[in-house]
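K.L.:
Take a look at the letters that make up each chain.
Number of protein chains: 2
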Amino acid sequence: MALELQILGSNSAAFAHNRHHTSQLLRVQDKYFMIDCGEGTQLQVKRYKIKLSRINHILISHLHGDHYYGLMGLVSTLHLYGRTADLHIYGPPGLADIITLQLKYSATRLSYDIKFHEWVPETSSVIYEDDKLTITTIPLNHRIHCSGYLFKEKPKKRGINKLVVDKKLAPNQANALRNGEDIYNEDGTLLYKNSLATLPPKKPYSYAYCSDTKLIPQLVDVIRDVDLIYHEATFMDDMKDRAENTYHTTARQAAQLASEAHVGQLLLGHFSTRYRDLNPLLSEARSVFRESYLAEEGKRFVVNH
Amino acid sequence: MALELQILGSNSAAFAHNRHHTSQLLRVQDKYFMIDCGEGTQLQVKRYKIKLSRINHILISHLHGDHYYGLMGLVSTLHLYGRTADLHIYGPPGLADIITLQLKYSATRLSYDIKFHEWVPETSSVIYEDDKLTITTIPLNHRIHCSGYLFKEKPKKRGINKLVVDKKLAPNQANALRNGEDIYNEDGTLLYKNSLATLPPKKPYSYAYCSDTKLIPQLVDVIRDVDLIYHEATFMDDMKDRAENTYHTTARQAAQLASEAHVGQLLLGHFSTRYRDLNPLLSEARSVFRESYLAEEGKRFVVNH
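Residue numbers (this note's numbering), protein chains in the order written: chain A, -6 to 298; chain B, -6 to 298.
Treat the hints with care, as some may be off.
Identical chains blur together in the list; that is why a pair holds if it fits in one copy or across any two.
List of simulated lysine-lysine pairs, DSSO-like, C-alpha gap at most 30 angstroms [what the hints assert, rightly or not]:
| id | residue 1 | residue 2 |
| --- | --- | --- |
| 1 | K292 | K42 |
| 2 | K97 | K233 |
| 3 | K97 | K207 |
| 4 | K125 | K292 |
| 5 | K44 | K24 |
| 6 | K155 | K108 |
| 7 | K44 | K155 |
| 8 | K97 | K108 |
| 9 | K97 | K147 |
| 10 | K39 | K292 |
| 11 | K233 | K147 |
| 12 | K44 | K186 |
| 13 | K125 | K149 |
I should point out that these hints are in silico values taken from the structure, not numbers from a laboratory. Computed from a predicted structure; not experimentally measured.
So that you can see chain A by itself, here it is in the shape it has in the complex (with noise of 0.2 angstroms):
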């Protein structure tokens, strides 16, 4: 199953141009992940028809607003629609005590709870896991503790060769084959060579994401050939000192970094709302890297090979 990627917002600071801030939705296999959660993040969900009761496991990169002052509302919504299962919030230290904050003081008791996962700054560590996917983070270099996130889905099983596997078999024999194993017959004698009943695994999908942060050379390593990355692109490369004293990065040093790691596609983001017209970014960072597009509002990208 592929992994998609919807943009609900994409836009830095104030809102401009009628573009929103922040806010992704990732569906790896059957989870859907929600990826900053800027104001009006749920009037978006709405434009797009988005469910929200898919929704468990929300990730605040840092504490500006275009990043998470959506985020109580939602919680809010998700109250009102009587939601039961467990949310789980991923963010910096601080989030827990700003939501707590205004829960107490609106005296709201949630129809579901709440599960804080508050990371460590400056660390890069494991903060989900489930059988298919690990997410991680990736420590940035903002103005307040950020962190992007890289999302690497397991080594996935062998898949079994029908043109060589005629007979039906049984789920732990099917199992074994997936896992490597030769299958036997019960008399002892081979039933299946492994190496040719099956082929190699698919190439575990991932997707990084980076937001916001000047750029780290270092990232290169960390995103080696994931499938997507967004980058943070606030400014062009003419303003690549204004760049580094805010801590944001250019479309040319995105795309040199999306070059460099040899990822699949970039997605460029957290524009700047001095570009009415976002082509000019896009063409910067395609003269570096080819495959280089706009993370803008409503865009849905998908990685399927």
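With the hints as your guide, set chain B onto chain A.
P.N.:
Coordinates of chain B only, in the frame set by chain A:
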């Protein structure tokens, strides 16, 4: 100069039917007051081309999200715009805590100062006064501390009757006339007798904002004769019990209150998401009080008698 109210949003609870959460902008003479500030209010401000720099006072009724989740976004945007003038924020205890905590975690030192004015719950008190206007809290009956706001112009000076006063007056003479005094010539003889040379003062304008609350019959004395009242009307009267249980009011109840208090106009708002079509609420109110209107977003109500 007229009193003018613009509705930015008036839906309750969750977003629905393209209706936004509660926020209003009131102009009294040359001053602008924002009342409540639900999520996305700054988007509505943009939509209706309101100059943010004009707003120096924001009043919050209570700490349910649909009335204040847009405030942090507005505070941040004013900072990004480089505001320097003080911003006065009025509201229940806790509001300063909530804002201060979020500014702390975002490491933001605002370009301007916020002056917090937290009122004392369950107590009516003057929270704003200048030479022309007072704002008094109206304790309401909701699940958490909640207050309405009564805006009252101070008694106005007498007008000069230009049919009688045909001479150019010195400023102190004109002021004395407007204050009700007679005017004398230098030789001590009467120049203008006040009762002949002036007109009665114009009636001061008044506006009462009452949301959220269950019906408070005693409110009739507080809002008597106001020009304009916004009163929540979350439900229709067939849901009176539900209104009572959830500390809300019906359209009929609001209209009865307005009728008994002899107000000028009643604006209904805080509509439940169950009503896609609001006309039945309007009809219900008008059957009791003819001067009832729907406080739909984008609408302006002007008092100019």
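K.L.:
Please go over all the hints and tell whether each is borne out by the structure.
P.N.:
Structure-based check of all given hints:
Taking the closest pair of Cα atoms, K292 and K42 come within 30 angstroms of each other both inside a single copy (13 angstroms) and across two copies (28 angstroms). Taking CA atoms no more than 30 angstroms apart as the test, K97 paired with K233 passes between copies only; the shortest distance there is 28 angstroms, against 43 angstroms inside one copy. For the homomeric pair K97 and K207, the shortest alpha-carbon distance between copies (22 angstroms) is at most 30 angstroms, but the shortest distance inside one copy (36 angstroms) is not. Proximity of K125 to K292 under the C-alpha cut-off of 30 angstroms is restricted to the intra-copy arrangement: shortest distance 26 angstroms within a copy versus 52 angstroms between copies.
When the C-alpha separation of K44 and K24 is checked against a cutoff of 30 angstroms, the pair qualifies only within one copy, where the shortest distance is 12 angstroms, while the shortest distance between copies is 43 angstroms. Proximity of K155 to K108 under the C-alpha cut-off of 30 angstroms is found in neither arrangement, the shortest distances being 43 angstroms within a copy and 72 angstroms between copies. Within a single copy, K44 and K155 get their C-alpha atoms no closer than 37 angstroms, and across copies no closer than 67 angstroms, so neither meets the 30 angstroms cut-off. Taking the shortest alpha-carbon separations for K97 and K108, both the intra-copy value of 16 angstroms and the inter-copy value of 23 angstroms come in at or below 30 angstroms.
Neither within a single protomer nor between protomers do K97 and K147 lie at most 30 angstroms apart by alpha-carbon distance, with minima of 40 angstroms and 38 angstroms respectively. Taking identical chains as interchangeable, the C-alpha atoms of K39 and K292 lie at most 30 angstroms apart whether they share a chain (15 angstroms) or sit on different chains (24 angstroms). Taking the shortest Cα distances, K233 and K147 never come within 30 angstroms of each other, neither inside one copy (37 angstroms) nor across copies (56 angstroms). Taking the closest pair of Cα atoms, K44 and K186 never come within 30 angstroms of each other, the shortest separation being 45 angstroms inside a single copy and 75 angstroms across copies.
In this assembly of identical chains, K125 and K149 lie within 30 angstroms of each other by CA distance solely inside one copy; the values are 8 angstroms within and 73 angstroms between copies.
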